[in-house]
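*Asks:* Each chain is listed here by its residues.
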Amino acid sequence: DAGITQSPRHKVTETGTPVTLRCHQTENHRYMYWYRQDPGHGLRLIHYSYGVKDTDKGEVSDGYSVSRSKTEDFLLTLESATSSQTSVYFCAIGGSGNQHEQYFGPGTRLTVT
Amino acid sequence: GNSVTQMEGPVTLSEEAFLTINCTYTATGYPSLFWYVQYPGEGLQLLLKATKADDKGSNKGFEATYRKETTSFHLEKGSVQVSDSAVYFCALSSGGSNYKLTFGKGTLLTVNP
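Chains as they are written, first to last, in the numbering used here: chain C, 14 to 126; chain H, 20 to 132.
Heads up, some of the hints might be wrong.
Unchecked claim - SDA-like mimics (lysine to any residue), calculated; alpha carbons at most 20 Å apart, straight line:
1. LYS70(C) - ASN117(H)
2. LYS96(H) - VAL106(H)
3. LYS124(H) - LYS83(C)
4. LYS87(H) - GLY53(C)
5. LYS70(C) - SER113(H)
6. LYS70(C) - ASN21(H)
7. LYS124(H) - ASN111(C)
8. LYS124(H) - GLY16(C)
9. LYS71(H) - GLU114(C)
10. LYS79(H) - THR90(H)
11. LYS79(H) - ASN117(H)
12. LYS70(C) - SER33(H)
13. LYS83(C) - VAL125(C)
14. LYS124(H) - VAL73(C)
15. LYS124(H) - GLU114(C)
16. LYS75(H) - GLU114(C)
17. LYS70(C) - GLY20(H)
Worth flagging that the hints you see were computed from the coordinates, not collected in a lab.
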């Protein structure tokens with residue numbers, strides 16, 4: 014299994030509070046991704062990174078920001094959490110040369126009350 | 020843009036039954052195609068992949084063939100087990116410099132003894 018950990022694994026927070034989720038990899042992959050998973054929507058890309066300090070938006074980036082100060086860590090921040098951001102968040106790594114597959118972390122279940 | 024359409028579930032089968040989960044796609048160029056599996060409470064695991072037309076991906080008794088003429092990548096297994104109960108996602112990557120994946124919405128499979 015790819016060395017990907019996410020923290021916290023579960024979090025309950027109140028509307029309007031800031032939240033940061035962490036993804037840590039030990040595989041030295043250049044590319045890292047944040048997805049959210051919601052019933053009826055599959056997985057949707059929030060943001061991705063293609064190197065230290067290099068990030069770009071995905072299809073559902075509104076309300077989220079990311080940072081990558083080290084190769085191994087990719088942080089997802091909800092500046093002011095809303096109930097619509099209640100979801101399961103997955104980090105993934107992958108993409109190199111001709112290999113397009115991604116490998117996923119165990120997920121973080123976030124509930125915004 | 021890219022899109023993936025997979026059959027809606029849930030799919031319920033008896034042990035040893037034959038499984039087919041349909042997946043069709045729309046993409047520019049020559050995408051790589053994937054099936055991922057998600058067991059309850061876990062992240063997504065890569066099940067199999069195919070990178071060019073007529074390639075057959077296989078793993079753990081599951082198979083899928085990349086059919087460019089029908090833009091399809093249907094997942095099959097000849098004899099399912101209770102342990103195959105999970106959500107299955109079809110996905111594609113159309114290459115480029117960001118290796119982004121586009122996912123279908125997922126199909127829940129339940130196998131009864």
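*Asks:* Mind checking the alpha carbons of LYS79(H) and THR90(H) for me, to see if they're no more than 20 Å apart?
*Replies:* violated (24 Å)
*Asks:* Are LYS124(H) and LYS83(C) close enough, with their CA atoms no more than 20 Å apart?
*Replies:* Status violated; Cα separation ~32 Å.
*Asks:* Is it true that the CA of LYS70(C) sits at most 20 Å from the CA of SER113(H)?
*Replies:* Holds. LYS70(C) to SER113(H) sits at ~17 Å (cutoff 20 Å).
*Asks:* With the threshold set at 20 Å, check whether the alpha-carbon distance from LYS70(C) to SER33(H) stays at or below it.
*Replies:* violated (43 Å)
*Asks:* Hinted pair, alpha-carbon criterion (20 Å max): LYS96(H), VAL106(H). Please report holds or violated.
*Replies:* holds (15 Å)
*Asks:* Taking only the CA atoms, is the gap from LYS124(H) to ASN111(C) under or equal to 20 Å?
*Replies:* violated (25 Å)
*Asks:* Next pair to validate is LYS79(H) with ASN117(H); report whether the Cα-Cα distance is within 20 Å.
*Replies:* violated (29 Å)
*Asks:* Please work out if LYS70(C) and ASN21(H) have their alpha carbons no farther apart than 20 Å.
*Replies:* Holds: LYS70(C) and ASN21(H) sit about 16 Å apart, inside 20 Å.
*Asks:* Under the criterion that the straight-line Cα-Cα distance not exceed 20 Å, is the pair LYS75(H), GLU114(C) satisfied?
*Replies:* The hint holds at about 16 Å.
*Asks:* Verify the proposed pairing of LYS71(H) with GLU114(C), using a straight-line Cα cut of 20 Å.
*Replies:* The hint holds at about 14 Å.
*Asks:* CA of LYS83(C) to CA of VAL125(C), is that 20 Å or under?
*Replies:* violated (28 Å)
*Asks:* Given the hinted pair LYS87(H) and GLY53(C), is their alpha-carbon gap at most 20 Å?
*Replies:* Violated: LYS87(H) and GLY53(C) sit about 27 Å apart, past 20 Å.
In summary, the numbered hints that this structure violates are 3, 4, 7, 8, 10, 11, 12 and 13.
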